[in-house]
Amino acid sequence: MTSSYETHEHDVLIIGAGGAGLRAAIEALAQGARVGLVCKSLLGKAHTVMAEGGIAAAMGNVDKADDWRTHFRDTMRGGKFLNNWRMAQLHAQEAPERVRELEQWGALFDRTEDGQILQRAFGGHTFKRLCHVGDRTGLELIRTLQDRGVQQGIDVYMECTITRLIKDGDRIAGAFGYWREQGRFVVFKAKSIVIATGGIGKAWKVTSNSWEYTADGMALGYETGAELLDMEFVQFHPTGMVWPPGVQGILVTEAVRGEGGTLKNNRGERFMEKYDPKRMELSTRDVVARAIYTEVREGRGTEHGGAYLDISHKPADYVKKKLPSMYHQFKELADVDITTGPMEVGPTCHYMMGGIRVDAETGQSTVPGLFAAGEAAAGLHGANRLGGNSLSDLVVFGKRAGKAAAEHSSRVQSGALDTAQLEEAEREMLAPFERADGEFPYEIHRDLQETMQSLVGIFRNQEDLQKALGELEKFKHRLESVRADGSRMFNPGWHLARDLRSMVLISEAVTRSALARRESRGAHSRIDYPNLDDTWGKQNNIIVKRGGTMALEQRPVTDMPDELKEILAENK
Amino acid sequence: MAEAVLRVFRGGPESGKPVDYRVPVAPGMVVLDALHAIQEHQSPDLAVRWNCKAGKCGSCSAEVNGRPRLTCKTRLDALPLDEPITVSPLKAFPLIKDLVTDVSWNYKINKKIPAFQPRAGVEWKMYQRDVDRVQEFRKCIECFLCQDVCHVLRDHAKHESFGGPRFFVRTAGLEMHPLDGVSRTKLLKDELGLGLCNITKCCTEVCPEEIRITDNAIIPLKERVVDEFYDPITMLVRKLRGA
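Read top to bottom, the protein sequences are chains Z and C. With this note's numbering, letter number 146 in the first sequence gets 146, and the count goes up by one each step, no holes. With this note's numbering, letter number 202 in the second sequence gets 202, and the count goes up by one each step, no holes.
Rather than coming from a laboratory, the hints here were simulated on the basis of the structure. Please read these numbers as outputs of a predicted model, since none were measured by experiment. Beta carbons are placed, not taken as given, at the ideal position from N, Cα and C, and that holds for glycine. It cannot be assumed that every hint is accurate.
[Unchecked claim] Label pairs and their in silico Cβ distance ranges:
1. C:Pro114 with Z:Asp168: 37 to 45 Å
2. Z:Asp168 with C:Arg22: 48 to 56 Å
3. Z:Lys64 with C:Pro220: 37 to 45 Å
4. Z:Phe459 with C:Arg129: 24 to 32 Å
5. Z:Glu450 with C:Gly181: 50 to 58 Å
6. C:Asp155 with Z:Asp485: 56 to 64 Å
[To be verified] Reference listing, derived: stretches of chain C covered by chain Z, where coverage requires no fewer than 3 residues with Cβ under 8 Å from a Cβ of chain Z:
7. 2-9
8. 46-56
9. 59-68
10. 100-107
11. 217-229
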């Protein structure tokens, strides 16, 4: 019985309308499925718009020698070989076609002299590989996909938050959520669900992520029985703004370094010489983030605790043309003219390599009918993501998940929506209004961010991680008495009260995984285990809900075929 | 520490009123920071949209001291702090609550505009000089400040017969795409009401992306409409053919 709720029925329901969700929706629709797309914000505002530097694809437009093999090798090396090799292969092979497709749907990338898509250098990429539009590539991508999807006839449910997935036995049957504007509840019936909700960056204090990044999809997947993979790998982007306080964490694109920007400490030294003399500023993000952090910690930081990033040696017109939003961002928010002087930058929580474990070909999780793509899914990036590999991830695996979700929906009957599950979901949502003397969620959120920032940050150790687990237990108790004020009409405090549950849950998955991995690899740096460990290099961490509690186990990394091993062995 | 008073519109369409909040001012603080501080310490149910907080997503639009602005890019130190800073919802759209308005009308208009469609048999080559002007239009972050300030929508509420600057910019981006093969001039004339714009340039003034909406999008589109529908020779030919 679902008659008491507003109910919509689709073959495929997609949660999240960034690049992955939109690309999945377009593909599922092309397969003939009835598609619904739900997003927490207005359409076109998802975090994809924040992607700046470009989309990585071995087109070979600028460096003719580039090919998928080199892109595959760079991705695996960047990920410290913990990547799902099949995903890395598919990604490298299919990214160029996905980029051409964007162009055919109206995207306008910057051009080479001979009229092709221009590509720029980026950290960890052997060749100039990032197709881009100045420093607003993500906006171009999301707008192109949004217009394509809307014209093709996707039903979009904007400003709607899904709080629970509904199962019928073992399989997916639908989802329960609320309209952010009016606070009314809504139910979706669906044969397949694609999670494309992004990461968990809002659990850290210094972050480039927006309010939406609260791990909803990972939590929904986990609660439904899906496995989470390698959750310890959280990417801290080396360059976020550090001053003034209100803008701390806002992203400064890697394209600044891709276009020739240099990093210096307060003694004027180009310190990357010490950390990666070969690749310097264009080393991988994990290395550059640790380098800046270390410089600051050892007293060589800038006035506000960062490093100097300088592009002012390039002509002012060139900087404004290639990095227009950086120019405006610093001018308007920090009173810094980047064409004449350096920026102050420091690491900021940016991206989640871990996420829902999926099948490489289809994006299906371990729960039948539940798919995931983009940042919410895991595998492609291993222990560290290369810049530019996220936008390509979205379109390559968004398409694959959309196709597989549509196929799945054509093979199965829709499940029944269990009233008890819906009522439980409703009770959970209404509880914060019934408490007269609990805490408001903002304070709990601030404390969670402090905890994750200080105890589960760039450098970790056993003592801190154990302490963090203790703190997370306390947050769970505090959440039991979290309170909402006012009405259900567009009430951000009430919304945060729910989002916090996902953040705390998935923060625990991150912390448990980080505690287990006794080595340093990619973005996961253990002070007490500072080296790579071959045994750990062959193991993935898996988090799964078992008997109501969070279980952690290790599983061997799947062996790759010989022809791919040969590609990796080539020393280029 | 210095303090600012924010006079924020609170409530719904029937029972809204401005409410004063005192907020400590930190260096470089923007209006959105102040609104977040109010949510955190004084009024957790204050409704405000935001996402990137970096001027890239166009979510946090409001009217600050009567002027349409992105609150994430409006610094307190650029405003007079000896009097309250008023923060009100966009006026051109129906109010939902506090600073949140119903902007769904924009999405309906957008749906009317035919998407990019390449001319048959095009070669996928484009040169930077040809895409430069279209890239300007594609910088639009859909903050709808131009829609809010446009008197055709704001004062005359011609939402039924007028598309507004945002969708002239979008249409210009499609019409001037070097490889596009669809004409949208009839749509501009009949459904988007391009003729209602009398080029006062208010939209250009409020655009946070500094898109020259009037000069580079609207006026060239008006010229296209005139060429196609009001050119005396074309009109004569059309009349003769029709007869």
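Going through the hints against the structure:
For C:Pro114 and Z:Asp168, the Cβ-Cβ distance of about 41 Å falls inside the hinted range of 37 to 45 Å, so the restraint holds. Range check, Z:Asp168 to C:Arg22: Cβ separation about 53 Å, and the 48 to 56 Å hint holds. With their beta carbons about 38 Å apart, Z:Lys64 and C:Pro220 fall inside the hinted range of 37 to 45 Å. Checked against the hint of 24 to 32 Å, the pair Z:Phe459 and C:Arg129 fails, with Cβ atoms roughly 49 Å apart.
For Z:Glu450 paired with C:Gly181, a C-beta distance near 56 Å keeps the hint of 50 to 58 Å intact. Separated by about 36 Å at the C-beta atoms, C:Asp155 and Z:Asp485 break the suggested range of 56 to 64 Å. Check result for the region 2-9 of chain C against chain Z: violated, 0 residues qualifying (beta carbon to beta carbon below 8 Å, three or more required). Check result for the region 46-56 of chain C against chain Z: holds, 11 residues qualifying (beta carbon to beta carbon below 8 Å, three or more required).
Three residues within the 8 Å Cβ limit are the bar, and the region 59-68 of chain C against chain Z gives 1, so the coverage statement is violated. Interface restraint, the region 100-107 of chain C with chain Z: holds (5 residues with C-beta to C-beta distance below 8 Å; minimum three). Here's how the region 217-229 of chain C fares: 0 of its residues keep a CB closer than 8 Å to some CB of chain Z, so the rule of at least three is not met and the hint is violated.
Violated hints, listed in ascending order, are 4, 6, 7, 9 and 11; each of the other numbered hints is respected by the structure.
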